Amino acid sequence: MRERKTKKALEKDKELARMYYLNGESQMFIADKTGISRTTINKWVNEGAWNSLRTATKLTRKELSIKVIGNLNKKLEDGKDISSDELSKFAASIKTLDKETNILTIIDVLMMYSDWLVARMKIDKELNTGLVKTMNRYQDIFVSEQMTKPAQE
Numbered sequence: 662m663r664e665r666k667t668k669k670a671l672e673k674d675k676e677l678a679r680m681y682y683l684n685g686e687s688q689m690f691i692a693d694k695t696g697i698s699r700t701t702i703n704k705w706v707n708e709g710a711w712n713s714l715r716t717a718t719k720l721t722r723k724e725l726s727i728k729v730i731g732n733l734n735k736k737l738e739d740g741k742d743i744s745s746d747e748l749s750k751f752a753a754s755i756k757t758l759d760k761e762t763n764i765l766t767i768i769d770v771l772m773m774y775s776d777w778l779v780a781r782m783k784i785d786k787e788l789n790t791g792l793v794k795t796m797n798r799y800q801d802i803f804v805s806e807q808m809t810k811p812a813q814e
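Numbering (our numbering), first residue to last: 662 to 814.
Just so you know, the hints here were simulated from the structure itself, not pulled from any lab data. There could be a bad hint or two in this list.
What the hints assert, rightly or not - Lysine-lysine pairs mimicking BS3-like chemistry, simulated, CA-CA at most 25 Å apart: (1) 704 - 669; (2) 668 - 794; (3) 666 - 704; (4) 666 - 694; (5) 694 - 786; (6) 783 - 673.
None of the values given here were measured: they were computed from a predicted structure.
Given the sequences, and given the hints that come with them, work out the whole structure.
Here it is in structure tokens:
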């Protein structure tokens with residue numbers, strides 16, 4: 662029979678699993694890597710809405726701009742006329758995505774920073790997994806707060 666982990670050890674495993682998941686790893690991979698059952702990993706993913714967060718972190722401004730342009734191209738390919746008003750709205754959407762600092766921009770920067778920290782751990786002895794996990798936790802809190810703030814006018 663397996664020993665029960667302490668609450669602190671389980672929280673560490675959960676945070677590690679979350680980091681793997683947000684970096685695109687499968688639940689099976691995470692279970693194998695952490696020694697936690699796939700059922701528990703699945704429960705954590707659902708309870709913590711990790712899937713939504715992973716999706717939000719993967720959708721970049723560039724991808725959104727491409728999607729807007731793709732919609733415009735589809736209309737043109739389908740032989741539909743595009744009014745100057747529609748064209749203006751498409752252009753405004755792209756301009757807004759390119760210039761506005763929004764939650765996607767924040768997530769992009771924080772992900773790049775997290776990746777940099779992980780890479781930096783190999784050469785910087787002051788950095789360790791615990792510190793990176795703590796920073797990631799605060800980054801997540803920050804992102805969550807930004808997502809729940811009412812839009813500034």
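Exercise. Hint numbers the structure violates, sorted upward?
Worked result: none
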